[in-house]
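Between the sequences and the hints, there should be enough to build the whole structure, so can you do that?
Number of protein chains: 2
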Amino acid sequence: MKRATKCLVLAAGAGRRLRAKAQSKPLARLLGLPLIERVIRTARQAGLRDFYLVTGYQGAGLRQALGDGRRWGVQLHYLANPHWQQGNGSSVLAAQDLLEEPFLLLMGDHLFDPQIITELEAASLDGADLLLAVDRAPAGYCDLDDATKVRLQGDRIVDIGKELPSYDAFDTGIFLCSPRIFPALAATLPEDGSLSAGVRRLAQAGRAKALEVKGRFWLDVDTPQALRAAEAALLDQLKKPTDGPVSRYLNRPFSLQLSRWLVRSRRLRPNHLSLLSFGLALLGALLMALPGYAALAAGGLLAQIASISDGCDGEIARLKFQASEFGGWLDAVLDRYADGLLIGGLSYHLWLIAPSAASWLWALAALSGVLLNSYTADKYDQFLKKRLEQGRRPLRLGRDLRLLLLSLGALLNLPFFTLVTLALLNHLEVLRRIIWLSRQS
Amino acid sequence: MKRATKCLVLAAGAGRRLRAKAQSKPLARLLGLPLIERVIRTARQAGLRDFYLVTGYQGAGLRQALGDGRRWGVQLHYLANPHWQQGNGSSVLAAQDLLEEPFLLLMGDHLFDPQIITELEAASLDGADLLLAVDRAPAGYCDLDDATKVRLQGDRIVDIGKELPSYDAFDTGIFLCSPRIFPALAATLPEDGSLSAGVRRLAQAGRAKALEVKGRFWLDVDTPQALRAAEAALLDQLKKPTDGPVSRYLNRPFSLQLSRWLVRSRRLRPNHLSLLSFGLALLGALLMALPGYAALAAGGLLAQIASISDGCDGEIARLKFQASEFGGWLDAVLDRYADGLLIGGLSYHLWLIAPSAASWLWALAALSGVLLNSYTADKYDQFLKKRLEQGRRPLRLGRDLRLLLLSLGALLNLPFFTLVTLALLNHLEVLRRIIWLSRQS
Chain C
-12 MKRATKCLVL AAGAGRRLRA KAQSKPLARL LGLPLIERVI RTARQAGLRD
38 FYLVTGYQGA GLRQALGDGR RWGVQLHYLA NPHWQQGNGS SVLAAQDLLE
88 EPFLLLMGDH LFDPQIITEL EAASLDGADL LLAVDRAPAG YCDLDDATKV
138 RLQGDRIVDI GKELPSYDAF DTGIFLCSPR IFPALAATLP EDGSLSAGVR
188 RLAQAGRAKA LEVKGRFWLD VDTPQALRAA EAALLDQLKK PTDGPVSRYL
238 NRPFSLQLSR WLVRSRRLRP NHLSLLSFGL ALLGALLMAL PGYAALAAGG
288 LLAQIASISD GCDGEIARLK FQASEFGGWL DAVLDRYADG LLIGGLSYHL
338 WLIAPSAASW LWALAALSGV LLNSYTADKY DQFLKKRLEQ GRRPLRLGRD
388 LRLLLLSLGA LLNLPFFTLV TLALLNHLEV LRRIIWLSRQ S
Chain L
-12 MKRATKCLVL AAGAGRRLRA KAQSKPLARL LGLPLIERVI RTARQAGLRD
38 FYLVTGYQGA GLRQALGDGR RWGVQLHYLA NPHWQQGNGS SVLAAQDLLE
88 EPFLLLMGDH LFDPQIITEL EAASLDGADL LLAVDRAPAG YCDLDDATKV
138 RLQGDRIVDI GKELPSYDAF DTGIFLCSPR IFPALAATLP EDGSLSAGVR
188 RLAQAGRAKA LEVKGRFWLD VDTPQALRAA EAALLDQLKK PTDGPVSRYL
238 NRPFSLQLSR WLVRSRRLRP NHLSLLSFGL ALLGALLMAL PGYAALAAGG
288 LLAQIASISD GCDGEIARLK FQASEFGGWL DAVLDRYADG LLIGGLSYHL
338 WLIAPSAASW LWALAALSGV LLNSYTADKY DQFLKKRLEQ GRRPLRLGRD
388 LRLLLLSLGA LLNLPFFTLV TLALLNHLEV LRRIIWLSRQ S
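From first to last, the protein sequence lines are chains C and L. So for the first sequence, my numbering puts the first residue at -12; every next one is plus one. So for the second sequence, my numbering puts the first residue at -12; every next one is plus one.
Everything labelled a hint here was simulated from the structure, so no lab data went into it. A hint or two may mislead.
If several chains are the same, the list does not tell them apart, and a pair holds so long as it fits within one copy or across any two.
[Said to hold, decoys possible] The calculated DSS-like cross-link candidates involving lysine-lysine, where the alpha carbons are at most 30 Å apart (straight line), are:
(1) K227 with K366
(2) K307 with K366
(3) K373 with K136
(4) K226 with K366
(5) K226 with K307
(6) K226 with K201
(7) K201 with K149
What follows is the structure, encoded as structure tokens:
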């Protein structure tokens, strides 16, 4: 099948339950970005580039806010639907002269995992006129009263609507449509202007199919409650499966709250946060290199704060669709410099109080251990991800744990003991990784 | 087109010009492996698993030497051709009842780049009965008198043979055949038992096509001279495009000669060489950590020897088809430990003669610089390879150069100056890589 390359997005409704002030609902901001921007950029992640936005209520404002899409690497075309109050079916119909091939149909207020689009395209229409992504058991927030339900026979849709007496799954609002949706909508419009009415008509003719999305995220943002649920869900998705225990229970909860707050700034970019975290570590290293317990403790505390704030660059990058391969790499390199400086600062502190050969050698051992732990992390994490998919959670001694150890060691005024611990733990972790990976090869 | 999964290999001839003692020519050893084993394992790299070997002269010995192929992850089937002296066409005919689908046809004494098979399969027969890989301008060794030539019209073969008055390209001995080659050979056999006679018959009917291999390696090993050329070519292929200048002009020439000699041992595995190189570096580090110039110089010399011998594990792995992802990774990790130990040894030597804070800090800076250079190498090398494909040769400060610097520094009895140099050069190199990569992103 030819890939659907065009995407119709419905953004005409008034969204009274969510709307604040005079803006239209698709412009309601969620973690720093308007809802509709999230919809478009998520679809872009699934490979779509050509978008047709149907506007109605406050259409001019929407158009002005979004522009032509070039800054996101997509093309945005606008279709005004003066009859938007007749229902969302009339908004789909507004595109009938423009879409002559199968196309993706999205709601301007439904957030989703881009994999759902990929799965719809992989399944393809396969002879049907419409393929709707449905969810039998939504894992996330779902407003049971207001949600559109579907009744299924096998993978055929037999009925759809908000008030079905019995149903099998929920409508995720993500469709793959052939242009045959248009005559169906034209036929139902005089009586019922909803999209569901047109889908029902195709369903009655046995021409509408459903594809089940299992465990994939999607969320219809209709109410302030749903908006809060969406925020919580997006933040939760930022946790990484390879996060170690310190990250999971200490750093991540803090950094997510920090990111939630920082993401509102339109100017702040992920690289700024990488530099901030690096700056905090540098300051911590300099403080630790000063004589006296107070400076050592302050430096140690800064190391832990740097460790927490280090999560924010990646979190904000993903929240704002600004993640890049280079950005991720640069962050990793800066982290290694921060690690090296912190070990250097602690070592120099030790030199000031105990300039022995043992201090010298343990400092070198700790520094090499920390850097070689990171050197072997990529390869080990590939293995780790496979294990996690199998439901296991293998050990991982990473940056989260070692910066906490360094911080605690400084706070407890134990520089020598801390360097010895870091050296032994990190080199043993590298040895353990070599043994694990050799068993897998 | 269905992929050709079976491979017919001709190994029946006597090979008088190459043969030494009583063995058959396909068993002639080249850099530790019999020619025919190289042919089979190269074809396996291109994805083939099912091999039909036609034996003739000394067939029993060949069969005994190669076995069922399980140890190489392939299946070997043997077909005896009692009439092998009639010519190689009769050997192909021996397989006529077994091959009912398109198949690959290889010569048991022709070495080649596995990409040639991939390209033949990608081109596919496309309606013809035979597709022969041909070379208009062999880059490597080619015995002009003895080579089989082809005359072409576009991509059609119009004539083939050793004695063509004029020709356009050389026969590489790598064919994709339909089973229609068999009746053609049956028809020409009474007059001419060669494979060329059958191919000529198909060519006259307009059923034989040629695919040009541009710059790909292939070599017909017929004479002791060709065997030496093959050895030189295989060794030359071990040079890496990302080799730095010290590697290219100093380390690689030595390590290739060492590998050429070591590869003859049947027991020696690449991991043994990785450990040997690591052991040499460890010994060098321990010597450098002793007081006195003699130990320092001896340690420095060992560092350079370790650097040279470090090439051998990868070279031997590739020469013996023993390269593995884990092996490559483990070698890299061991190299990092060797680097760390060498810096540690030099630093400790410096501590013995000048235990100052400056020595301490420069030691830490050199150690982190060396390890961070390696940490950033993977990403930089991806970029480097793209540049090399564009015909440029960008700077690369890698292990080859830094171990030479360390060795020279130790020989010149300049531990402090060496650590400072290594620290500055490596950190500047990392900075340079960050800047280059940021420009590309």
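These are the hints, each one checked on the structure:
In this assembly of identical chains, K227 and K366 lie within 30 Å of each other by CA distance both inside one copy and across copies; the values are 16 Å within and 22 Å between. Taking the shortest Cα distances, K307 and K366 sit within 30 Å of each other both inside one copy (28 Å) and across copies (25 Å). In the homo-oligomer, the alpha carbons of K373 and K136 never lie at most 30 Å apart, since the shortest distance is 36 Å inside one protomer and 52 Å across protomers. For the identical chains of this complex, K226 and K366 are neighbours both inside a copy (20 Å) and across copies (25 Å), given an alpha-carbon limit of 30 Å.
In this assembly of identical chains, the alpha carbons of K226 and K307 lie at most 30 Å apart only when taken from the same copy (15 Å versus 44 Å across copies). For a Cα distance limit of 30 Å, the shortest separation of K226 from K201 inside one copy, 20 Å, qualifies, whereas the shortest one across copies, 49 Å, does not. In the homo-oligomer, the alpha carbons of K201 and K149 lie at most 30 Å apart inside one protomer (21 Å), although the nearest pairing across protomers, at 64 Å, exceeds that limit.
Hint compliance for this structure: hint 3 is the single one not met.
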